[in-house]
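There are 2 protein chains.
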Amino acid sequence: MGTTTNNRDDHHHTINFSAPRGFSKKLKSNLKETLFPDDPFKQFKNEKPSRRVIKGIQYFVPIFGWIPNYNLRLFRYDLLAGLTITSLAIPQGISYAKLAAIPPIIGLYSSFVPPLVYAIFGSSKHMAVGVIAACSLLIHTTISEVVNPEEDPALYLHLVFTATFITGIFQAALGLLRLGILVDFLSHSTITGFMGGTAIILCLQQLKGIFGLAHFTTKTDVVSVIGAIIANRHEIKWITTLLGVVFIAFLQFTKYLRKKNPKLFWVSAMAPMVTVIIGGLFAYFTHGEKHGVQIVGHLERGINPISIQYLNFNSKYLSAVARTGIITGFLSLAEGISIGSSFAVMKNEQIDGNKEMVAFGLMNLFGSFTSCYLTSGPFSKTAVNFNAGCRTAMSNIVQAVFMALTLLFLAPLFRYTPLVALSAIIMSAMLGLIDYEEAIHLFKVDKFDFLICMACFFGVSFLSMDVGLLVSVGLGLLRALLYVSRPATCKLGKLQNSSVYRDMEQYPDSTQIPGILILQLGSPIYFANSKYIKERILRWIRDEQSISLSKSDLIEHVLLDFTGVTSIDTTGIEGLIETRRLLEGRGIKMAIVNPRIDVMEKMMASHFVDKVGKESFFLNLDDAVGECQYSLHKSQPNFDVEERGFA
Amino acid sequence: MGTTTNNRDDHHHTINFSAPRGFSKKLKSNLKETLFPDDPFKQFKNEKPSRRVIKGIQYFVPIFGWIPNYNLRLFRYDLLAGLTITSLAIPQGISYAKLAAIPPIIGLYSSFVPPLVYAIFGSSKHMAVGVIAACSLLIHTTISEVVNPEEDPALYLHLVFTATFITGIFQAALGLLRLGILVDFLSHSTITGFMGGTAIILCLQQLKGIFGLAHFTTKTDVVSVIGAIIANRHEIKWITTLLGVVFIAFLQFTKYLRKKNPKLFWVSAMAPMVTVIIGGLFAYFTHGEKHGVQIVGHLERGINPISIQYLNFNSKYLSAVARTGIITGFLSLAEGISIGSSFAVMKNEQIDGNKEMVAFGLMNLFGSFTSCYLTSGPFSKTAVNFNAGCRTAMSNIVQAVFMALTLLFLAPLFRYTPLVALSAIIMSAMLGLIDYEEAIHLFKVDKFDFLICMACFFGVSFLSMDVGLLVSVGLGLLRALLYVSRPATCKLGKLQNSSVYRDMEQYPDSTQIPGILILQLGSPIYFANSKYIKERILRWIRDEQSISLSKSDLIEHVLLDFTGVTSIDTTGIEGLIETRRLLEGRGIKMAIVNPRIDVMEKMMASHFVDKVGKESFFLNLDDAVGECQYSLHKSQPNFDVEERGFA
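Chains as they are written, first to last, in full-length UniProt numbering: chain A, 1 to 647; chain B, 1 to 647.
Some hints here could point you the wrong way.
Pairs involving identical chains hold if they fit within one copy or between any two copies, as the list cannot separate such chains.
Claimed, not checked - In silico DMTMM-like pairs for lysine to aspartate or glutamate, Cα to Cα no more than 20 Å straight-line:
| hint | residue 1 | residue 2 |
| --- | --- | --- |
| 1 | 316 | 235 |
| 2 | 259 | 438 |
| 3 | 611 | 574 |
| 4 | 316 | 543 |
| 5 | 260 | 601 |
| 6 | 347 | 584 |
| 7 | 26 | 235 |
| 8 | 447 | 33 |
| 9 | 316 | 435 |
| 10 | 48 | 437 |
| 11 | 316 | 150 |
| 12 | 263 | 556 |
| 13 | 290 | 145 |
FYI, nobody ran anything at the bench for these hints, they're computed from the structure.
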C-alpha cells in the first residue's frame, strides 16, 4: 500500500489524524461514564444559584419534589394502597421475624420507621417498604453461627440490629460513592437461581410449622432439613398439618383468582391477613394451644423503642455480623432496585439506582436505631402497592401510620396467631418465586446463563445461601473475563452489487476478494486478549492459505476492521506491532480500517501510526479494498496485461 | 417503520433470519476459541494414522522434530552459544542460590538437569534455561516465613525442593489444561513494574555483600533494608566496598561496550565469569578471608544427587510452600514464555504457550527430583544465547554437558569466589531491569497502564513482592471489568457525499440526519452493562432533545449500530426490550442495524425478533436511514407538501 498513495486523491474522506484530546478531558469523560452514567447534575446547569439550591434539595430529598403538588385526589389512591399493604405487612412482619429468629413484634416495628424514612428520601413512586424472606433466613443462619438465638435471645437480637446498622452504612456508602455499578454484577440469572433456591429451602423450613414439629435442624440445606423431618416424624401433629393444608389451599386459590382476573388482586393481597385472623379466632375459640397448635404468644403494646444503645461491635461477633450486614445489604439492594426500576419502566419513568441506595441505606440506618431489622422493597408488597393504584411514596406513610396504630392498640390481639398460619403464608409466598419458566427460557437462549442460574439454585439448596450466591457471581465474573480475553473475530466478505462487507458465515452469499483477507475484530484489545488476537489473526491466514491452492489467490493483504474495537492499551499496541512484523515476514501487508477515537489517540500517542505509516489506515472498508486491489494488480503484471488483453 | 415495509423491495440485501446454529456446534466453537485458539491439532487432519503417530510424538516431544535433520554445521553455532551461556550460568547459579539462601552448589546443579529436560520437551530454539533472580528472592522471603534457613538449613532446602516440585506440577497442569489464558492476565505493565521493583530491592539487598556487612535484615522492603544498613554502618569494610565498586564499574563498562557495538556482546557475556575468576584469584593470593573479604566456601565435587526422598509435604509448611511454588511458577512462566515468544517473533516464528508450559513444568518436576531449584528462561541468558547465534535447543544440551564437567572437575575451584563479586554481578544485572523508559512510555500512552505499573513497582519496593504483584494484577482485572461494564458508545453522523457513517466527535465534518439518532454500541451487551447501556441511550436522547429546539428536529428514530456488539446474554436482551418500551413511551422508534451472528442467534432464540418485528432490523445503516427518512416524511405531511411546493 505504501507505494500507491498517489491513488488516494479520489477518496474524499480519510482518517482523522488530528491531535488527541487532552488527558484531563479524557479522564473527566471516563470518570463520568463510570460513576455518573445517568448525568444526574445536568439539571443544575444553566440555573440561578437560588434555583440550584432548591433543585439540589429536591434532588437529595425527593419528598420536597412532590409534596408541594400533592393533593387530596392523589391521597385517595395512596390511602387505599397504603391500607392494602398494611394488611400484608402485619402477617409478613410476624412471619419473617420468626424466620430471622427474632421476636415477631420486631417485624411489625420494621414496617413503621423504615417506610417513613423511605417516603422522605426514596425516589420510586411504587416501592412498598417491608421485610424480606430470603434475607431474614440468611440473617438467622449467619448470626446463629456465633450466638444461639434460643440460648441468648437478647444478645442475638442486638447483633441483628448491629447487622442492620452495617447494612445501612454499607448501602448509603455504595450510593454516595456512586458504586451502583457493583449491583450490575448480580445478573438476572443469578437472581432467578437464588430466588428459586431460597424458595425451596424456605418451603422446606416451613414444614416444621406445618407439621407442628418441636425439634428441627438449624441448617438450611435440603438434605439436613429432609433428614430432620424424617428423624422427628413421630412429632407430626395431624391438626396443625390439616390447618396448614387448608390455609395453603386458600392462599393459592386467591392467587389463582388474581391470575384469572387481575382486578381481584386485592383478594390475594388481603388473604394473608384473613388467614391470620381466621387462624387466630380458631386458636382462641378451640384453645388450640392445648391441642398442640403453637401460637405466636405475647406481643407488647406500643411503638418502636430506641435500640441505638444495643448496637454491639464486640470483635468476637463483628466478622459474622459484618458479613451478614454486607451480604444482606447487597441482596436487598439488588431486589429492591431491580423491582423499583421495573415498575418505573411500566410507567415510563426512570429510577436513579445510586440515589435509591442512599435511601435504602438511611432507612436501615434509622431502622437499626429504632428496633427494626433489615428492610427493602419486597417484590410481593411492591406489586400489591402498584396494583392498588398508589400514586406517590405517600402510600408508605399511610402504611407507617396504620402500623403505628396497630402497634399502639391491636398488637396484643395477634398473640393467638397460630404458627402454622405463618408457615402457610410464607410457603405460599415462596411457591410463586420458583420461576421454572425463566429457567427454561435461559436454557433455550443461553446455556451459560442457565449454568449460572443452576449453580446458584443448587448451591443455595444443597450447600448454603452465601456459598451458592458466591459461586454463581464468580461464574458470572469468569464469563465476563472470558468475553474479554476471547473476543469474537470473523471474516468479512462483500455482498454482491454493494459496498457492504459482512460476516461470511452469517451471510453465505457474500464473496471474498481474491488476495485480500478482511477480519472484523470486536471488543477492546488489551493485555488480556492481545496474544489471543495475534494468534487468531495468524490462524485465519493459515486457514485461508490451506484452502486457496492456486498461487494467484495467496493472501497479500490483511485488512483489520476496527469498528468494534472500543479501546486499546499498550500491550494491545505491542501485539499489533508484533502481528504486523510476523505478517510482513510472510509477505503480507496489514492495514487498519476505521479505528475509533480512543484507539486512534493511543495509536498516535504511542507512535504506532508513525511506525506503520499513515497509508496503512483507512476510513472505510471499500476504500481499503480498492487500494489493495490496485496494488495487487500492480504486483502481478502478467495478470494485469492478460486482463487488458481481454478488455 | 412497521408501516413502510412496502418500501423495502429496492434493497437487495436483508438481515439473515435463518435458523441458529446448533448448540453442540456453538459449544465446540466456543471451547475451541477459549482453549485451543492456535488450533494445534490442525496438522493432524487429513493424515494417515502412521503419520499421525509420528506427528503426535513430534508435537509432544519437539526434539524428535529437529534432531533427525541436525548436522555439524548447526552444531558449530550451538556449541559456541552453549559455551557462552555456561560461562554465564556458573556465576549466576552461585549468586542466585545465595539469594535463595540455599547452598551455592544447588545453583550449579540447576543448570545441568533442567536444560536437558527443556532441550527434549521445549519448542523454543533460543531459550537458555537457568535460575532467575526475582523468584530466588521470593523463595527466600516466603519459605523463611516458616523455616529459618540459618537455623535449619536442611529442612529449608527440602522445602525449596518441594516448592519446585509444586511449581512443576502446577506449570504442567496449566499447560495440559490449556490454561495459558491465565498468563495473559499478567500484563506488560505489571511485569515492567514488577521487574523494576524487584531490581530495586535486589540491588539494595546486595549492599550487604558490597559493604561486607555481617548483620542484616531478612526483610526486603526499601525502608527496612536502608534502616539495616544505617544501623550496621560501623561494620562497613572499605576493602570489600572498593572491590565491589571496581567490579560493578567493570561489569557496567562491558555492558556499555555491548551497547556501543553489539558484536561485542560476548565481552559482557563473559564479564561475570571474569569477575568471578579475578575475584577468586585476588581472594586466594591476598588471603582475603583474613581481611574480612567473605568467600563462598567449600563446594562438593560431583553431579546432582537424587533429592526425591527429601520432598516434604508436612501440613505445617505446606501452605507457605504451595504459595511459593504457585507464585514463582506463575512468574517464571510469564517471564519465560514472553521472552521465548519475543525472540521467536524476531525470527518470524511462533511459540505454543501451552506446550511451553508443559516443558517448563517437566523441567521443574525433574529438577526437584535431582537437587535443582526453580528454573525458567531468564531474559539475560536467553538474549546471550540468541546473540551468540544458537540455532536449536542443542545449546541447552551443550550447557548441561559443560556444567556437568564443571561439577565433576572444577567446582572446588570456586570456593574462593568472594561474596562481593557475586553481589556486584547481581547488582549489575539488576540495574538493566529498571526500565524507566518503558514507564515513561506507559505514562504517555495510557495512564491506567502506568498506574498498574507503578502499583506493582511501589508495592514490591515498599511492601512485599507478592503484595505488589497481587495489587497490580487486581487493578488489571478491575480495568478489564470496567471495560466490560462501561463500554464506549458514540453518535454517528453521515460523511458528506458518501454512505459512510462515523463518530461525530472524531469526524466533526460529519452531519446528523434530522429526526434520526444513530448510536454505535461496542462490546458484548450483558448483565454487567445492560443497565448502563439502557441509561446511556436515554441520556443520548435527552442530550439530543435539549439541543434541538425546533419541533421538526425532534428525534423520532433511534438506530442502534450493533456492528461492534460481539455477543449478548439474556439480561442484555431484557435490557433492550426495556429500552424499546421506554423509547416507545416517548414516541421514538428503535431499530437494530447489522447484528452479528451470535447476537442474532440469541435474539431469535429468545423471541426478541418476533416481539419487535423483523422490520426493526437492518443490514446496513444507509438502508435504515433511508427507511426512517421515508417514514419521517410520511408522518409530517405539511412539511412534505411544502417541500414539494418548492420542487
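Structure-based check of each hint:
With identical chains, the CA atoms of residue 316 and residue 235 are never at most 20 Å apart, being 37 Å at best within one copy and 48 Å at best between copies. In this homomeric assembly, residue 259 and residue 438 come within 20 Å of each other (Cα to Cα) only inside a single copy, at 18 Å, whereas the closest approach across copies is 66 Å. Within a single copy, residue 611 and residue 574 get their C-alpha atoms as close as 12 Å, which meets the 20 Å cut-off; across copies the closest is 45 Å, which misses it. In this assembly of identical chains, residue 316 and residue 543 lie within 20 Å of each other by CA distance neither inside one copy nor across copies; the values are 63 Å within and 53 Å between.
Taking the closest pair of Cα atoms, residue 260 and residue 601 never come within 20 Å of each other, the shortest separation being 59 Å inside a single copy and 34 Å across copies. Taking identical chains as interchangeable, the C-alpha atoms of residue 347 and residue 584 lie at most 20 Å apart only when they sit on different chains, with a minimum of 12 Å there against 59 Å within one chain. In this homomeric assembly, residue 26 and residue 235 never come within 20 Å of each other (Cα to Cα): the closest approach is 69 Å inside a single copy and 54 Å across copies. In this homomeric assembly, residue 447 and residue 33 come within 20 Å of each other (Cα to Cα) only across copies, at 17 Å, whereas the closest approach inside a single copy is 31 Å.
When the C-alpha separation of residue 316 and residue 435 is checked against a cutoff of 20 Å, the pair qualifies neither within a copy, at 39 Å, nor between copies, at 48 Å. In this assembly of identical chains, residue 48 and residue 437 lie within 20 Å of each other by CA distance neither inside one copy nor across copies; the values are 53 Å within and 50 Å between. Taking identical chains as interchangeable, the C-alpha atoms of residue 316 and residue 150 lie at most 20 Å apart only when both belong to the same chain, with a minimum of 19 Å there against 38 Å between chains. For a Cα distance limit of 20 Å, the shortest separation of residue 263 from residue 556 qualifies neither inside one copy, at 69 Å, nor across copies, at 35 Å.
Taking the shortest alpha-carbon separations for residue 290 and residue 145, neither the intra-copy value of 34 Å nor the inter-copy value of 65 Å comes in at or below 20 Å.
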